[in-house]
Each structure stands twice: as C-alpha cells, then as structure tokens.
Amino acid sequence: MARFDNKVVLVAGGASGIGAATSERFAREGARVVIADIKDDAGQALASELAKLGATAVYRYCDCTESNQVAQLVDGIVDEFGGLDIAANVLGGGHVTDAPGSTVHTTSEQAFDGTMAISLRSVFLLMQQELEYMMNHGGGVIVNVSSMASLAAEKHATLAYGIAKAGLNHLTRFAAADYARYNIRVNAILPGTTATPLLRSLFSEEQIVEMCAGQQAIPRAVEPDEQANAILWLASDEAAMITGVLLPVDGGRSAFGLQGPPASAVARALSK
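Residue numbers 419 to 690, in my numbering, belong to the letters of the sequence shown in order.
Misleading hints may appear alongside valid ones.
Result set (DMTMM-like, lysine to aspartate or glutamate): computed pairs, CA atoms no more than 25 Å apart in a straight line [said to hold, decoys possible]:
1) K470 - D459
2) K470 - E527
3) K470 - D531
4) K470 - E550
5) K457 - E447
6) K470 - D423
7) K457 - E484
8) K470 - D643
9) K457 - E644
10) K470 - E484
11) K470 - E623
In short, the hints are calculated from the structure, not lab data. Keep in mind the model is a prediction, meaning the values are calculated, not measured.
Please put together the full structure from these sequences, using the hints given.
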C-alpha cells in the first residue's frame with residue numbers, strides 16, 4: 419500500500435518546478451492529485467502525463483491571489499473528490515516590476531504589493547479555505563513552501579520577496595499553533611538554491627555550482643525532487659508529531675548561519 423493511497427491532495431502552484439515535482443510524487447504514491455495553477459499548458463500536460471501512468475491527476479486553473487477563485491477551487495475539489503486531506507501550497511515569486519537589487523527607497527508600491535500578493539496573500543487565501551474545510555472534517559495536513567530568503571537579506575532575492583516569505587513563516591507557525599486542536603498539522607519547507615527549469619534558464623551549470631559553493635556545505639543545487647521529498651515526508655504519517663516546523667532544504671546552507679561558509683570551504687568546493 420502506497421503512503422498516500424486515495425488521499426485527496428491539492429498542489430497549488432503544481433504545474434512547474436518544485437510544484438510539478440510534488441504533484442508527480444504524490445500521484446506516484448497513490449494520491450488523487452489536483453494541480454492548481456495559472457499555467458494551463460504545463461498543468462494540463464502534467465495531468466495527462468500522470469494519467470497515462472495510471473495515476474489520478476487533474477488540472478484546474480486558479481489565480482490564487484483572487485479569493486473567489488480560491489473558494490471555487492476548494493469547493494470544486496470537495497464536490498469532485500469528496501474531501502481534501504492534504505494541501506501543498508507551492509506558491510511564490512516576484513511581481514514583474516520587482517527587480518533584484520532594489521532597496522527600500524527604490525522598491526515601487528506596485529512591485530511591493532504585487533510580490534506580496536503572489537508570495538503571501540495567495541497562501542493566506544488558500545489556507546483560509548483549506549483550514550475551514552479541514553477543521554470541520556476531521557483534520558488534515560498543510561505544507562507551505564517558504565524560502566531561505568525569509569531568514570536574512572539576500573542579494574539574489576528582492577526586499578518584497580523576503581518580507582513576503584518571512585510573513586509566510588509566521589502564518590505557518592500561527593496556524594500550526596491555532597489549529598492543532600482540530601487535528602491539523604501545518605509546516606513549511608525553506609528551499610535553498612533549487613535547480614528548477616527557471617533557474618537553469620537563467621544560469622549555466624558552472625554558475626549554479628559556484629553560487630552553491632559560495633553559500634552552502636554541499637556544493638550543488640537541490641533538485642526539485644529533493645524538495646518534493648521533504649514536502650511528502652511532512653505530509654505523511656511519519657511526521658505525525660511534527661507541526662509548526664520551518665524545515666530548511668538547503669544543502670547545509672543554514673548550518674553556517676548568516677555569515678556563510680568559511681573561505682576555506684568555498685575554496686575546497688570550487689577546486690573539485
């Protein structure tokens with residue numbers, strides 16, 4: 419028997435990157451998966467691919483920054499599949515005008531508000547619906563995807579993105595404390611540099627290796643499947659006593675604290 423046999427799982431932001439890897443892993447482990455995203459072509463293609471493997475997977479369009487669409491999404495899942503057991507909220511990103519390198523006085527209101535909507539408001543709206551259903555139907559599990567950028571200022575992440583993900587950390591812990599009495603667990607992973615198709619479109623493999631060697635113990639990017647492994651573990655019964663946790667999946671980056679790895683470690687990594 420697979421870990422998630424017949425569990426109804428929502429993967430919001432599930433059409434690409436970490437979300438796609440998470441959708442696929444849940445489907446391969448027996449779950450009935452709803453892939454929610456705004457990327458119609460990618461979402462439909464992934465659902466079709468998983469269906470060919472014998473999995474139950476469907477794609478549903480949802481702009482998760484819109485409360486009415488989120489409510490319709492969750493209501494539709496319950497109507498179609500009879501419930502909602504697990505939600506993986508794999509959402510985040512910056513507004514098109516929110517450029518890395520911007521500082522407090524140069525970040526526009528449009529960039530700030532847009533990034534907050536994508537990376538924080540969306541998960542807040544999803545969790546409102548997910549929690550309300552779960553608390554009235556015996557419980558459930560929610561796993562959010564935050565970021566290592568939530569913990570400290572980073573040159574590769576924007577101000578607004580870091581603030582949004584820090585807010586998501588608090589939302590995760592607040593909900594974990596508040597809804598445990600309803601048999602609901604809420605956790606988050608904090609991905610480090612992850613080799614998504616987007617990252618690989620922006621940087622060469624050599625640049626990615628150098629980037630990782632300069633900030634973490636294991637000098638390579640985390641694969642999307644490895645982030646999905648952490649999400650599935652937190653969603654499983656194996657983590658039944660774990661809630662309110664912010665789990666770094668970062669190749670040991672957080673082991674160095676805010677200072678980063680010592681120069682000797684970077685030199686050794688780059689020489690290999």
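Each hint, compared with the structure:
no. : hint        : verdict
1   : K470 - D459 : holds (17 Å)
2   : K470 - E527 : violated (45 Å)
3   : K470 - D531 : violated (40 Å)
4   : K470 - E550 : violated (33 Å)
5   : K457 - E447 : holds (24 Å)
6   : K470 - D423 : holds (18 Å)
7   : K457 - E484 : holds (16 Å)
8   : K470 - D643 : holds (20 Å)
9   : K457 - E644 : holds (23 Å)
10  : K470 - E484 : violated (32 Å)
11  : K470 - E623 : violated (32 Å)
Of the hints listed earlier, those the structure fails to meet are numbers 2, 3, 4, 10, 11, in rising order.
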